[in-house]
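Protein chains: 2
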Amino acid sequence: MSDIYEKIMDLAKRRGFIWPTSECYGSVAGFIDYGPLGSMMKRNIENAWRRFYVVQEGYYEIECPTIGQEDIFIASGHVKGFSDKMCQCPACREYLRADHVAEAHQVAGASAMNKEELEAALCRLLCPACEEPLGPVEVFNFNLMFETSIGPGSQRRGYLRPETAQGMFTDFQRLLRFYRDKLPFGAVQIGKSYRNEISPRQGMIRLREFTQAEAEIFVHPGKKEHPQFSRYAGYPVPLLGITQQEERQPPVTSTMAQAVANGMIANEYVAYYLALTHDLLVSIGVDPLKLRFRQHLRDERAHYAEDCWDAEIFSERFGWVETVGIADRTDYDLRAHERQSGERFVVFIPYEIPRRERRIRVVPEMGALGPRFRGKAKAVADALSLCNPGPEGAHLTIDGEEVFISPDLYRVREEEVEVPGCEITPHVIEPSYGIDRMIYAVLEHTFHEEIVDDEERRVLRLPPSVAPVQVAVFPLMNRDGLPEMARDITLRIKEQGLLAEYDDSGAIGRRYRRQDEVGTPFAITVDYDSKEDNTVTLRDRDSMRQVRVPIDGIAGLVRCLIEGSRSFDGL
Amino acid sequence: MSDIYEKIMDLAKRRGFIWPTSECYGSVAGFIDYGPLGSMMKRNIENAWRRFYVVQEGYYEIECPTIGQEDIFIASGHVKGFSDKMCQCPACREYLRADHVAEAHQVAGASAMNKEELEAALCRLLCPACEEPLGPVEVFNFNLMFETSIGPGSQRRGYLRPETAQGMFTDFQRLLRFYRDKLPFGAVQIGKSYRNEISPRQGMIRLREFTQAEAEIFVHPGKKEHPQFSRYAGYPVPLLGITQQEERQPPVTSTMAQAVANGMIANEYVAYYLALTHDLLVSIGVDPLKLRFRQHLRDERAHYAEDCWDAEIFSERFGWVETVGIADRTDYDLRAHERQSGERFVVFIPYEIPRRERRIRVVPEMGALGPRFRGKAKAVADALSLCNPGPEGAHLTIDGEEVFISPDLYRVREEEVEVPGCEITPHVIEPSYGIDRMIYAVLEHTFHEEIVDDEERRVLRLPPSVAPVQVAVFPLMNRDGLPEMARDITLRIKEQGLLAEYDDSGAIGRRYRRQDEVGTPFAITVDYDSKEDNTVTLRDRDSMRQVRVPIDGIAGLVRCLIEGSRSFDGL
Numbered sequence: 028m029s030d031i032y033e034k035i036m037d038l039a040k041r042r043g044f045i046w047p048t049s050e051c052y053g054s055v056a057g058f059i060d061y062g063p064l065g066s067m068m069k070r071n072i073e074n075a076w077r078r079f080y081v082v083q084e085g086y087y088e089i090e091c092p093t094i095g096q097e098d099i100f101i102a103s104g105h106v107k108g109f110s111d112k113m114c115q116c117p118a119c120r121e122y123l124r125a126d127h128v129a130e131a132h133q134v135a136g137a138s139a140m141n142k143e144e145l146e147a148a149l150c151r152l153l154c155p156a157c158e159e160p161l162g163p164v165e166v167f168n169f170n171l172m173f174e175t176s177i178g179p180g181s182q183r184r185g186y187l188r189p190e191t192a193q194g195m196f197t198d199f200q201r202l203l204r205f206y207r208d209k210l211p212f213g214a215v216q217i218g219k220s221y222r223n224e225i226s227p228r229q230g231m232i233r234l235r236e237f238t239q240a241e242a243e244i245f246v247h248p249g250k251k252e253h254p255q256f257s258r259y260a261g262y263p264v265p266l267l268g269i270t271q272q273e274e275r276q277p278p279v280t281s282t283m284a285q286a287v288a289n290g291m292i293a294n295e296y297v298a299y300y301l302a303l304t305h306d307l308l309v310s311i312g313v314d315p316l317k318l319r320f321r322q323h324l325r326d327e328r329a330h331y332a333e334d335c336w337d338a339e340i341f342s343e344r345f346g347w348v349e350t351v352g353i354a355d356r357t358d359y360d361l362r363a364h365e366r367q368s369g370e371r372f373v374v375f376i377p378y379e380i381p382r383r384e385r386r387i388r389v390v391p392e393m394g395a396l397g398p399r400f401r402g403k404a405k406a407v408a409d410a411l412s413l414c415n416p417g418p419e420g421a422h423l424t425i426d427g428e429e430v431f432i433s434p435d436l437y438r439v440r441e442e443e444v445e446v447p448g449c450e451i452t453p454h455v456i457e458p459s460y461g462i463d464r465m466i467y468a469v470l471e472h473t474f475h476e477e478i479v480d481d482e483e484r485r486v487l488r489l490p491p492s493v494a495p496v497q498v499a500v501f502p503l504m505n506r507d508g509l510p511e512m513a514r515d516i517t518l519r520i521k522e523q524g525l526l527a528e529y530d531d532s533g534a535i536g537r538r539y540r541r542q543d544e545v546g547t548p549f550a551i552t553v554d555y556d557s558k559e560d561n562t563v564t565l566r567d568r569d570s571m572r573q574v575r576v577p578i579d580g581i582a583g584l585v586r587c588l589i590e591g592s593r594s595f596d597g598l
Numbered sequence: 028m029s030d031i032y033e034k035i036m037d038l039a040k041r042r043g044f045i046w047p048t049s050e051c052y053g054s055v056a057g058f059i060d061y062g063p064l065g066s067m068m069k070r071n072i073e074n075a076w077r078r079f080y081v082v083q084e085g086y087y088e089i090e091c092p093t094i095g096q097e098d099i100f101i102a103s104g105h106v107k108g109f110s111d112k113m114c115q116c117p118a119c120r121e122y123l124r125a126d127h128v129a130e131a132h133q134v135a136g137a138s139a140m141n142k143e144e145l146e147a148a149l150c151r152l153l154c155p156a157c158e159e160p161l162g163p164v165e166v167f168n169f170n171l172m173f174e175t176s177i178g179p180g181s182q183r184r185g186y187l188r189p190e191t192a193q194g195m196f197t198d199f200q201r202l203l204r205f206y207r208d209k210l211p212f213g214a215v216q217i218g219k220s221y222r223n224e225i226s227p228r229q230g231m232i233r234l235r236e237f238t239q240a241e242a243e244i245f246v247h248p249g250k251k252e253h254p255q256f257s258r259y260a261g262y263p264v265p266l267l268g269i270t271q272q273e274e275r276q277p278p279v280t281s282t283m284a285q286a287v288a289n290g291m292i293a294n295e296y297v298a299y300y301l302a303l304t305h306d307l308l309v310s311i312g313v314d315p316l317k318l319r320f321r322q323h324l325r326d327e328r329a330h331y332a333e334d335c336w337d338a339e340i341f342s343e344r345f346g347w348v349e350t351v352g353i354a355d356r357t358d359y360d361l362r363a364h365e366r367q368s369g370e371r372f373v374v375f376i377p378y379e380i381p382r383r384e385r386r387i388r389v390v391p392e393m394g395a396l397g398p399r400f401r402g403k404a405k406a407v408a409d410a411l412s413l414c415n416p417g418p419e420g421a422h423l424t425i426d427g428e429e430v431f432i433s434p435d436l437y438r439v440r441e442e443e444v445e446v447p448g449c450e451i452t453p454h455v456i457e458p459s460y461g462i463d464r465m466i467y468a469v470l471e472h473t474f475h476e477e478i479v480d481d482e483e484r485r486v487l488r489l490p491p492s493v494a495p496v497q498v499a500v501f502p503l504m505n506r507d508g509l510p511e512m513a514r515d516i517t518l519r520i521k522e523q524g525l526l527a528e529y530d531d532s533g534a535i536g537r538r539y540r541r542q543d544e545v546g547t548p549f550a551i552t553v554d555y556d557s558k559e560d561n562t563v564t565l566r567d568r569d570s571m572r573q574v575r576v577p578i579d580g581i582a583g584l585v586r587c588l589i590e591g592s593r594s595f596d597g598l
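Chains as they are written, first to last, in our numbering: chain A, 28 to 598; chain B, 28 to 598.
Chain A on its own, in the form it takes in the complex (with noise of 0.2 Å):
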């Protein structure tokens, strides 16, 4: 008996939603096509990200290369630390996650383990795809971006991109200006990142090349309440926060409000993502039963990161997947982006009442300095009134060279000057969402077997704005002009913007249970009755129930129906 993985990519190739790639040539792991629905459906889930993320929250949508120089990804640290830790079988020769091995054979803890430990777990347990002993093997790190080079010559080396925000905070200063220098705002961006696993096994859960649709919200540091906090302040939400972990309990469901109050979740930029994240994957698709955000450890957690949780997906297959993360991250990639660039990050915030401040001035006495130092006068005046020397004289670089300059060679002042604002760093709040493992998320969820009239029915409940094909249109019949009449009803469909399919090949039941295996919410039937009365019949895909309706207006009824603001059951 096949789980409901294998049953849903078997539906998932036999109709076009996704295949392995270049099959023709073997495939390679780690890679999928979508094909002509599930491209659809991926469209439909990025628009759905969009209507939250662009719509909503109003924050607009850039484009980077999926190639970036070698700098961006020192700054982010992924040129040193994004790598996983490997091994080879001595006897197969095959490469190993070995971190993956340990977990496989019940080694606890194998994911924080270092090369040493790693190495002493190893040498007991068989390699898993030859299963001869892999004994005294050597961990090594492999680094997970794809590289590559720019230009002949080997002339710059480019990396892949293993996500999309740092094209976010390299377009920090752009984007800055865009706002109009004001905080907070916001930038997102969907697109494909790159990731060379060792070895992917999980199908659609680890690709090499994915997905992401990733915000980066620029916030005051001081300011963490977000301003339309009103909105999901009430909203409950299933949290597996640390203490939870810790003490082996199940999570606890808490509006926002409350667990910001109660300290829970960090503040409420993070919870109001917390509740975004929640709705937006409800709505397309996500069981809410299976679904819950578990609070990263503090061992687990990057030292810099304030908070962070990851929305995780109940599979029957693969168990609770990650899905989304979403993280404070502080002000640590655009200070790290500043030490490698040695731009400045940073945002003006102008004070309410420009503030006086005493500050200590330094001036440079010329009529000494000129004749002591001559041509480089001028040099030692300029690092004279940007140091702070103490009443003992300085000790200045110029040129290289160091100088000492004795007290009688400048003044120091004290004066009140008035200070309009101040610079800052913002911190970065992150949403981040694996398109991917959403789709498949939606895929599994809302699969369904029945039994309809003692045959089996094939259903996936996909809610009708992600849905491939939104309404299909039948023909009763091949002739007597029904086709036409059908053919014209598909096209005032599409013409509303919906996605529409014209189907006439076999029985009526036969092409209800093709549409209803792929999610199409509703169907139009145009029978001999339609040429007299001008009606059709319009089925409903998960009551199977059917209602006449007139042809007259159909394409703004069903946009309704697809929208929301009518229901069949009104009908």
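Read the hints as simulated data drawn from the structure, not as lab findings.
Where is the CB? At the ideal position from N, CA and C, for every residue including glycine.
Any given hint might turn out to be false.
Unchecked claim - Derived Cβ-Cβ restraints for the label pairs, each shown as a range:
1. B:Pro-254 to A:Asp-481: 37 to 43 Å
2. B:Phe-595 to A:Gly-180: 55 to 61 Å
3. B:Arg-382 to A:Asp-579: 47 to 53 Å
Said to hold, decoys possible - List of simulated lysine-lysine pairs, BS3-like, C-alpha gap at most 27 Å:
4. B:Lys-219 to A:Lys-40
5. B:Lys-219 to A:Lys-209
6. B:Lys-40 to A:Lys-219
7. B:Lys-521 to A:Lys-209
8. A:Lys-521 to B:Lys-521
Fit chain B to the known structure of chain A by using the hints.
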């Protein structure tokens, strides 16, 4: 005085259309970032493309990885032949594209020269980078694909795809099943492609990472009549055919029916997509007076192609730029993948009435073969029934060994069989669009400077469907409830799926100019009268005319204006 390209790039950077990528690290030639407005405009243009190819033509979109395994590009010919001729300056070590250097020095026919001819030509020229003589440099081929390796230990070589097309070819068998084994059908893809250009210096025109929109339409080789040809039969298109080019004549404008009838265009399919491309490009804002279709000359066209045309768009900076290619590629691609993969890429075409055909059948005499060949008798019999032996015996190769089979070991029988149909390899019609070049052309063609009220007005006359902001909403003053009313209108317009922007900063005149510059077609101003009579001012970007319209129903009205079902002049 700066030329139009510099003006547009200045505007594009300032207003968030296009930015140099990872500028803080010095950017990289051949890569760009789309900023907030550019990314929106790009999506609008991609969606315009989908309205033609996915909605109107009914071709489904698929999405394949950007990294492909080597076999794909061996089959497609890119591993062997996708290269440019390069040399390195002996003085400054700069890599140079050899034909471009020669062309810049007015060497005629440089692009068609071979290695030796180019070396001879370059010998007398100066390096464009350092202006030292190049002397006797070596010219060599540089493959333009970005290379990477998949998995650890360089296990498998991968390339970043140089075009999206190959995905539709490698998925051919799956697509055929999806379309229920019937020709014609098509599949499209919009996505990133990569060419590791030697030294790109033309901004958005020559990118190393760019976006393509390609359609592959699979047709019966004997049926190149487009089923919807009547749609474009009378559509006039400016054609620069082979004859016009050879005789140095200007383009002729011809309807598609004429051009097919007189043999200028090879068939209806090619003609149909020329006209559709003209229609599409003009609809997104390309100036029809700066658009022509140039036929590939016989020696420029790939040997297998039956016909090939480029849509060329005139740029003041770059001259005529090839932006779309439309080709009848015959069965070249499918046969190439057939050879490389060993799979069959054919369609079974049933005859209307099964045909009776006479066939030769070879019947091995097992009674005689058995004793003679023992263990190999079965292999001999199988080989015999597949060969076509004469009355004098047959030479076969069995397990690598040549064997002579005398005529007494088999009988040749002629029989009549019923043949239900035949297998054919479809031909491919390929329209291929460069999205980034389209975006640049639209910016250049819609950019205008004019004097209004003694001030210079910069305006992008973008079609409403392409504009990144479709309607701007301003409160006249930032108080007295006007901002609330304006925000409410903004929200209602967004709910219609339109791109609306609220702006309350600066004088009204400045806000209008700001929107004109980014091509926003309509602006709404909420003023004190609005509170009294519930009307607002609606302003048209191009005429700068303003009319008073009721707030009630304004979202619907704006939607009609943008979709084109109502006109501003009619208000």
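Each hint, compared with the structure:
no., hint, result
1, B:Pro-254 to A:Asp-481: 37 to 43 Å, "holds, 41 Å"
2, B:Phe-595 to A:Gly-180: 55 to 61 Å, "holds, 56 Å"
3, B:Arg-382 to A:Asp-579: 47 to 53 Å, "holds, 49 Å"
4, B:Lys-219 to A:Lys-40, "holds, 24 Å"
5, B:Lys-219 to A:Lys-209, "violated, 33 Å"
6, B:Lys-40 to A:Lys-219, "holds, 24 Å"
7, B:Lys-521 to A:Lys-209, "holds, 23 Å"
8, A:Lys-521 to B:Lys-521, "holds, 21 Å"
Of the numbered hints listed earlier, the single one contradicted by the structure is hint 5.
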